[in-house]
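Chain by chain, the residues:
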Amino acid sequence: MPHRTSILIVDDEDQVRDVLCENLAECGFKVDVAADGQQALSMIDAGTCAPQVVITDIIMPRKEGLEVIMELRRRHPAIRLIAISGGGRTKSADFLQLAKKLGADAVLPKPLDIDQLEKTVRSFLA
Amino acid sequence: MVKEPLGGPRVAERLQVLVIDDDATDRMAIRRHLLSAALNSDVHEADTGAAGIALLRERRFDCVFVDYRLPDMEGTSLLQVFYDIANDQMPAPFVMLTGQGGEEVMAEALRWGAHDYIVKDHITGPSVLIALSKAREIFDLKRARHSAEDKLRQAQKMDAVGQLTSGIAHDFNNLLTVILGNTRMMRRRLAEIPPAQGMAIAPKVDAVESAAQRGADLVRHLMVFSRQQELKSATVDIGAALAHTVTLLERTLGKGINLVLTAEQGMRPVHVDATLLENAVINVSVNARDAMPQGGTLTISARPVVFNDISHVLISIADTGTGMPEHVRERIFEPFFTTKPAGEGTGLGLAMVYGFIRQTGGHIEVDSEAGRGTTFRIYLPQAREPLTNKEVNHAT
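Those sequence lines, one after another, are chains H and P. Just so you know, we're using my numbering here: the first sequence kicks off at 33 and counts up by one. Just so you know, we're using my numbering here: the second sequence kicks off at 37 and counts up by one.
In isolation and in its complexed conformation, chain P is listed as follows (with noise of 0.2 Å):
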């Protein structure tokens, strides 16, 4: 299922504070000064380091006050067990309580994660909320540049291999040229000398040609994902589309599979392949079906947003299997790479859908958690031309 968005819930919901002091008279200081600011939160409190781990790794919190000596810990050890070093994250904002003077403690915090400080000598109404509210935007800041650096790192990869892909495609192509016309040879050889001195060779060349065969797919599959595909674009009614696209669906998926399609009524259509967009969806689908053995929903919706500040239709297809840790989350658009058991898959399923998108100027991400589901969002630019009736069409 799709993840809360970034930062955790912000309206309508409560905000969720964690005070993790020993000092009862702190902890009740926060939580009036929380409380009286008519904040609507609820506050939750540990007295020891250990005990503010446990909250910490069992629930989110939408800002953390600590406090620098802890009768198990130091705070800035605790900090360490959850500072991601590398990428510069913390699981939530935290503020560190600080005692008088404690510059080499504040400098510290601040090294070890922590968004901001407050002198304990100083809590004061003004002090508490003004240090939530600036933990909580550095923390959005840094979570928002590091999603951004890896959405970048991300397509500079899948770029490079999409170079590298081509390339290879272009001179196996040619090889494979040499290799099929001179079996187009032998046999023609073959063909002018008595069968049963050729009966020893016939089959070498058919084996010759079927593997040449099945390379020449290969590169084919790998163009598709360089973007170097035929497309027979038309104008495409995506809610049609889709019902069509389920209709084939509720036979290929099998019984367990709760399959649910939502499309917006007169949404502007999509200049897209038909064929192609409906194996996407049925690749997407199939391994969606592969990820909840034990049954579930696929939900597949269609709707109009706004997506780089252009008109998108955006489908998307949500099942409730088993997810996937983020380094697979990270890769599968890769071609060649696969969870699949050996001989299972060939991992060009979506690298092939990739490329498509890619292609069809749209854009394909993927959510996930272990245990929660995946979404795949695809968005399709919306076409500038309305829907003519000739052109309702789906793929057949």
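With the rest of the complex left out, here is chain H (with noise of 0.2 Å):
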């Protein structure tokens, strides 16, 4: 079986992680799936999951994408991050634009365009 591109989607609403998930999934690609920042990062330093790309949501419990951002760009600086946010619940800041001058190398807005956000993944491996 060939190398397949490993993704960790992070994303605190389930069923967004799902549907994320399946559709990156049938696009040919290795995916895990981690419900928070803490999550995540426990999971790559465990090396339970070794993904070159790193989806996460912006707002979420427990550890907030942003500082997922920071601490992987510090630790795995290999990897390659794709911010995915919907605005912020109660105030207005532009998160996505805070995630790329923290380090993430793209930023998508939701509702995601999965298409657009294949070809993103596709793109950091060309």
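No incorrect hints appear here.
Below are the BS3-like pairs computed for lysine-lysine, each with C-alpha atoms no more than 27 Å apart in a straight line:
1) P:K156 / P:K178
2) H:K62 / H:K132
3) H:K62 / H:K95
4) P:K193 / P:K376
5) H:K133 / P:K268
6) H:K133 / H:K95
7) P:K291 / P:K376
8) P:K268 / H:K151
9) H:K132 / P:K268
Under 7 Å between C-beta atoms, here's a sample of chain P residues computed to sit facing chain H:
10) S202
11) N209
12) T213
13) V214
14) L216
15) G217
Just so you know, these hints were derived from the structure itself, not from any lab. This structure is a prediction, so every number in the text was calculated from the model and none was measured. For glycine and all other residues, C-beta sits at the position ideal for the given N, C-alpha and C.
Two independent chains are provided; combine them into the complex using the hints.
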């Protein structure tokens, strides 16, 4: 079996996680999921998951996406990062622009255009 | 058109004074004292409450003297006709003329909105002038306080609506991701089965997807209102940008609308998303056109002003249309508020303009009077850096 690109999806909404997982798996990627930033970092640190690409939501319980981005940039600089967000829940802040500044390789707004997401992932591999 | 400043005409115009009193001697005394003080004033007189009320309904006065006892009514009853008890507002400064020892009348007069009083036996030059200036000062203070409270309440309401909106937007964007992601999967499954079998399902998937896309557009508009759109700001020469917008408007607004642009030369530039600013000006202008079904003049102007102690460029967009009543003007920037027939307006246009201007660090306000027209004023903070040649850009 050829080596497949491994993706980790981090989102606290399980339906969002499921639908992204299904769609990306269908695109031929190996997909893992985590429900928050804490879980994602533990999985990577423990080696149970070795993603080339991490797709992370921004607003999450326990550990927010922005922190995940900063920590991954520091500890695993080779991992490519895509930040996704549906906007601030309580205050108006441009989280996606902030994510980009903190080191996300790409940012995509929700509702996600999955074709666009697939294209973005593939652009990292080219 | 722009309303007169608070408190009415003050400089260069003559002071309009009304005396409502059935006693010709009292009326004459007040007139004489005002004129001998070399006050540039016109003194109008009414000898009954009804005549006074009619004059007050007809025109604006800078001060009103009213007798406590009129042939057809009590002076306090006349006050009650005009007193806006909820907002503690009178249409003009009022001075009550009371009898000797009429403390109760004085207290009652003040309770019903009078700003000061004079005892009738003491109608002297100084007492008239002091009462006049005191009444006008109290009137101005109350009016300013009311307007500040009003602005604060409006701002708080808009903030609350903004919070609600961004909360809904965030959750809906997740839901729409789930819906659109699943329709994508359904489409792929459909592609795997013979078309004959999928025929009945494919249009349903299309319908779900297009509804979800419409939902996504709606949420995007709401996010503009809650100041969450991506701005592509650049240093913009407002004069040039408006000139470009006006060429577009000439085509859009059609005949019957006289379009006037006045922009001061040499203004400092503004840091703003030029395309979105153009959309905002067009949006306001199209509303203005709709308010002028018989045609009229739309004046767009730009000039530098100091607003909240900061240098701004003020863009004003004034029409000569039907204007809006107070209860419409107050809600004009709220999302989903529309006066257009159902199905014709989304109620999001001006809400988006509001969100964009606030996100840019500017302010927008509106002045309107039914029958006289409407003026929108957009204040944009001036950029620190001067305009470079390369950036003399406008919306394209």
